[in-house]
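Dock chain one against chain two, each of which comes alone in its own frame, and use the hints as you go.
Residue-level listing of the chains:
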Amino acid sequence: SQTIHQWPATLVQPVGSPLSLECTVEGTSNPNLYWYRQAAGRGLQLLFYSVGIGQISSEVPQNLSASRPQDRQFILSSKKLLLSDSGFYLCACPIAQRGGRTGELFFGEGSRLTVL
Amino acid sequence: EDKVVQSPLSLVVHEGDTVTLNCSYEVTNFRSLLWYKQEKKAPTFLFMLTSSGIEKKSGRLSSILDKKELFSILNITATQTGDSAVYLCGIIQGAQKLVFGQGTRLTINP
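For the record, the sequence lines run as chains A and B.
Note that the first sequence covers residues 1 to 116 in our numbering.
Note that the second sequence covers residues 1001 to 1110 in our numbering.
Just chain B, same shape as in the assembly (with noise of 0.2 Å):
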């Protein structure tokens, strides 16, 4: 059976603090691996990932893929409030579906 595993599924943190977040997988015929960011409705995209051990940055959010050991994180470094959210990993599997992990909701404290 297919799936996508994210931990933790929650986590609060201080501002200014570094989290890691995780994501797991165990799918057919993988493509490509997605991070989302969900504040209030839309997911918002951040990153898509195809190739192992190449790095993808914006600001002070990074992540990398590891195909062989089947898994992602997304580093977020000096954290601030409006980076709380939910944060979505999926998976693109052959050429039309895109399945998502339970999602990690991180919260920043002042």
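If we strip away everything but chain A, and leave its shape as in the complex, we get (with noise of 0.2 Å):
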């Protein structure tokens, strides 16, 4: 069955510190895969989304980057934290039986980031 493991699941970290958020998909191969970061409670900014190993679309400009290394891992990297980067970020791939292309996605469970 298709699963999203994200970790860590808790982060707090000082402001200027470096972040490392990973994703991994099971499940499902060759995966659109997609950044969303959730602010108290509210709607997903869409911040990355890959179609592909090393292919990487960014949304929003900031002090975030995104990598796939491999087809099932995706992984969020800042080297400088800022304040306004605590929130909860959310990794999705599309339903593995809809084709595992775009449509109705699958999230994870979330990384919850605090800056301080």
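Because the hints were derived from the structure by calculation, they are not lab data.
Cβ atoms here follow ideal geometry from the backbone N, Cα and C, with glycine treated the same way.
Keep in mind that a hint or two might mislead.
What the hints assert, rightly or not - Some chain A residues close to chain B (C-beta under 7 Å, calculated; not the full set):
1. Gly43
2. Tyr49
3. Val51
As the list claims (entries may be wrong) - For the chain A half of the interface with chain B, some residues (derived, Cβ under 8 Å), not all of them:
4. Leu44
5. Leu46
6. Gly110
What the hints assert, rightly or not - Where chain A lies over chain B, by a calculated footprint (3+ residues, C-beta under 8 Å):
7. 1028-1042
8. 1065-1075
Structure representation (structure tokens):
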């Protein structure tokens, strides 16, 4: 069955420190992958999406970056965190039964980042 | 600029009431509109709407899309406390992108 693993689940980091959030997908191959950020229980802001290894599309200019070193691995990074980077980060991919491309998304359990 | 706007942003009602949540959009290359429910962590899928005027139903929840007026509504009848959540509207654009509105926080009081 399709699963998304995100870690760490919770992270508290000082301003200016680096960040690495990881997302690994199982039960599907060559999926589109997405990183969203949610602030204070509000809507989801699309940060990055990837249609394949090494292919990253950035939606919002910011101090975050993403990489896709393997087919089912998607990493969100920062060299120096800002206070405004605090939020709930969700990784997602399309439902495998729908062909694994764009459509109904399946979400991971998220990583909650607090920058102090 | 592409926009997905949900209203109201927050809604508090009593158990048993009927609620209507709104989602309007202005996006290029529209393909489909999706509704999600988020209680704690991962949003869960409710509906996907692609054609105008066809109502999707699941129990007490229903939704419909108007592609001429560029909006969708999500109705919940006979609300229960378990319906309390953030409801998210998202638009699939083109082949890859799914963008969301700000969400509506619904609180059902007993």
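Comparing the hints with the structure gives:
1. Gly43: 4 Å, holds
2. Tyr49: Where the cut-off is 7 Å and the nearest Cβ of chain B is about 6 Å from Tyr49/A, the hint holds.
3. Val51: Hint holds; Val51/A Cβ to chain B Cβ min 6 Å, cut 7 Å.
4. Leu44: Interface hint status for Leu44/A: holds (4 Å vs cutoff 8 Å).
5. Leu46: 5 Å, holds
6. Gly110: Holds: closest Cβ of chain B sits about 5 Å from Gly110/A, inside 8 Å.
7. 1028-1042: holds (count 5)
8. 1065-1075: violated (count 0)
Hint check: a violation occurs at hint 8 only; the rest are consistent with the structure.
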